[in-house]
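Visitor: Read off the chains here:
There are 2 protein chains.
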Amino acid sequence: MDSRGLRSDLAAIVGPGGLVGPEEATDRYERGYRYGKGRALAIVRPGTTAEVADIVRYCFRNDVRLISQGANTGLVAASTPDAAGDQLVVSLERLRGVEAIDANNRSALALAGTRLSELNRETARHDLSLPIDLGADPSVGGMIATNTGGSRLLRYGDVQRNLLGLEAVLADAEGTVLTDLKGLRKDNSGIDLKQLFVGTGGSFGIITRAQVELHRLPRQSAAALIVPSSHADIPELLTILEAQAGEFLSAFEGMSANAMRAALAHNPRLRNPFAPDDPPQYVVLVELSSALATERVNLAEHLTQILGHLMETGHPAVVDARFGPPEQLWAIRHSISDGLKAGAKVIGFDICVARSRLPQLRTRLLELLAADYPFLRVCDFGHCGDGGDHFNLAWPDEAARQYDTEMVTAVRERVYDTVVNQFGGSFSAEHGVGPYNLDYYRRYTPRSERHVASRLKDICDPKRLLGAIDFS
Amino acid sequence: MDSRGLRSDLAAIVGPGGLVGPEEATDRYERGYRYGKGRALAIVRPGTTAEVADIVRYCFRNDVRLISQGANTGLVAASTPDAAGDQLVVSLERLRGVEAIDANNRSALALAGTRLSELNRETARHDLSLPIDLGADPSVGGMIATNTGGSRLLRYGDVQRNLLGLEAVLADAEGTVLTDLKGLRKDNSGIDLKQLFVGTGGSFGIITRAQVELHRLPRQSAAALIVPSSHADIPELLTILEAQAGEFLSAFEGMSANAMRAALAHNPRLRNPFAPDDPPQYVVLVELSSALATERVNLAEHLTQILGHLMETGHPAVVDARFGPPEQLWAIRHSISDGLKAGAKVIGFDICVARSRLPQLRTRLLELLAADYPFLRVCDFGHCGDGGDHFNLAWPDEAARQYDTEMVTAVRERVYDTVVNQFGGSFSAEHGVGPYNLDYYRRYTPRSERHVASRLKDICDPKRLLGAIDFS
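Protein chains in written order, with our numbering: chain W, 167 to 638; chain Z, 167 to 638.
So that you can see chain W by itself, here it is in the shape it has in the complex:
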């Protein structure tokens, strides 16, 4: 299909403003947030669900490959075109806005291209939010397609858990629109088809709208950095806090000394809470938060008492603790990724195991790396409270060995084999699957599951035109 014909056909669907003109910058549509750069056949920005369906039908008739894109903040290249230059990018940035907030129902209806920050600005007027706490500012549709988790999953769950309904367009001949926007908390009156689009990277349909559950904004929070006697004490520390801080526990994040050091070195506004000492080997950032006013419950006091008692009694789970304004402690946590990138080439991981098994896994991985890749610096941090770990490795410029992509692949395979085969874990906890990690999907997913996934794809996209990968 010639490019001029395609452009005029698409313009007939979306109007001239809906097409990114040849003179406009296309980089942001073609370049991934952290990785990857491709080339789009064209970029179209539909303004309504009906236009999305028209585009899909057009692509189906003319065998045009297409890929949907929200804020393009994903980390597995699932929303950027590949290098072939034959994928139409369907950007949802004009499908944007919060259409309704039902405060008593604690729910919001938003168009798929709405940014999380925009949604939460609107819902904050009602003292509510979608409390998925992430480094990026993704679109609502992208969050669903990735099933994002974040730092407060322990308390509020992932996107799947907060998704009340959605509208999506299948890549079939009819451009079938599936709609479930009733905003119900429970509905078992049929098949829950929205699950086809959760965490499937935009390969099963184009999400156009969603109903999400909102939660009350906290009125207070308290945080501390806790130093356990060893990493092995972390699961028990978590169990103790779940018992003693109960419903208030809202984050339980781990940071290794290397990860903290990278953050502190990178961001001059940060203060090392352990100064003049170096950060300890491993620290847990604990946060309590509540919708209750401090007159009823004082979380800062509560946390101080719990940790004080554990230290007084010599419990190994807490040998030291530092209190501070939550935003200051979070600033350290949130500076880690950038800090690591600034100082070295990073081999990033997004793994997950049963949270009870994190210490054994870490011990095993440290042994493996010390033995075979001693020049790599382990800078791990992550969501210990739900078994997640960004077991990131830094390959310093000054390392004895020069950076080598083949060796990176070998390291990845060693780590993933350990996580998946020896510890029953996941190689992609919250980033989803895309071209960036598709090989690992194939490596670890049984043939029977890939067969079912492929049959699901037949239903939603029989010509295999949509999305970055096909899960087969």
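Keep in mind that the hints were calculated from the coordinates and are not lab data. Heads up, a few of these hints could be off.
Identical chains share a label here; the pair holds if one copy fits it or two copies do between them.
[Said to hold, decoys possible] The calculated lysine-lysine pairs, modelled on DSBU-like cross-linking and capped at a C-alpha distance of 35 Å, are:
hint	residue 1	residue 2
1	Lys511	Lys348
2	Lys348	Lys507
3	Lys511	Lys203
4	Lys629	Lys203
Given the coordinates of chain W, assemble chain Z onto it according to the supplied hints.
Guide: Positioned in the frame of chain W, the structure of chain Z alone reads:
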């Protein structure tokens, strides 16, 4: 296929003890918990997943219809054979037991036939439970197949929200076993195939094992019956309590005067908390609970203060309140279903709307019934906190009109049309879909969704042998 041949073939798979003999009572396998009675071709009780797969393959080869059955406590006849007598009942009662509890991970691995009560007996030793609070004692597999909700959904969510993984056998030629039992809190490394089996009534596969998330057992709770000035105040009452009782709110259940009266009349051990007065028009049972000890937070005081303040300031959401031991107040709530059945023929409902819309819905339904069916007594009660309502109607024996099943159908249709078409609600919030309400599934589900559902069924059960319904 002759019955003797079938029995000996099955005995070869499961051993003689795995087959219900001709001399054994079959009633409990053939009769539904509340409704329906059918006839089984035979009843087989596999003891392992491999035996389930063998049975499925055998049925596939020989075109034998089959239906899986857990505790058979469902309310839509999805686990009982129909009257044709050609369905093999695959009872999972020998696939029973808690295989592992990981206390630090707050998770349990159980065989599908394990009863909820058995599971919770084991987990209680670790101060944990699967806090799905129901009238019945279902099997774990049946809970997944129905996606049960219950009285504490507001706090803990439904089964879907607490399901970490499962193992299921498809009804295809191979008897494909899909296994995801890693017990991870987040895993976006592929398609979430377990969702195919959640709330699909056993029509997409036979669930054999599950990993569920557990929650800390409460160490204290407090409850009250709240009388709002009118039913219309209920959404605001809920919003106020979510703000002021925050993370502690664990139930918010509505009871009409007629529902309470039925419970009190039926169960002589109950005490009317409003005596000597009659129960008020509509009452909300509110429960706070916490894993925290009373030294930290005293929920009884907390609730008394919140409600006291609302009453003192003349807030219409609370004109009166009665406090009492939670178990006494719950006893009233839990006696309603039996109380209603004892006094009249009951037209039961399990509807749901956005919780903000419950009052308008109720007003509309009361008008409709008063106008056209004045002899029916509205005895509604339900899970107001999540928009659920058992809008049950009693047809008293002494009514002016005689009970008439055609009229019952007409009433159902009027109510469901109002709920679904006018209020965007669900005709089956937590009971699922089965032969009992299949007509309504067809009535309210768009053709496009039924088409996708039917294609999903092609994947899991291409010969349409499994389960009570096929969702097409």
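Visitor: Are any of the numbered hints broken by this structure? If so, which, sorted upward?
Guide: none
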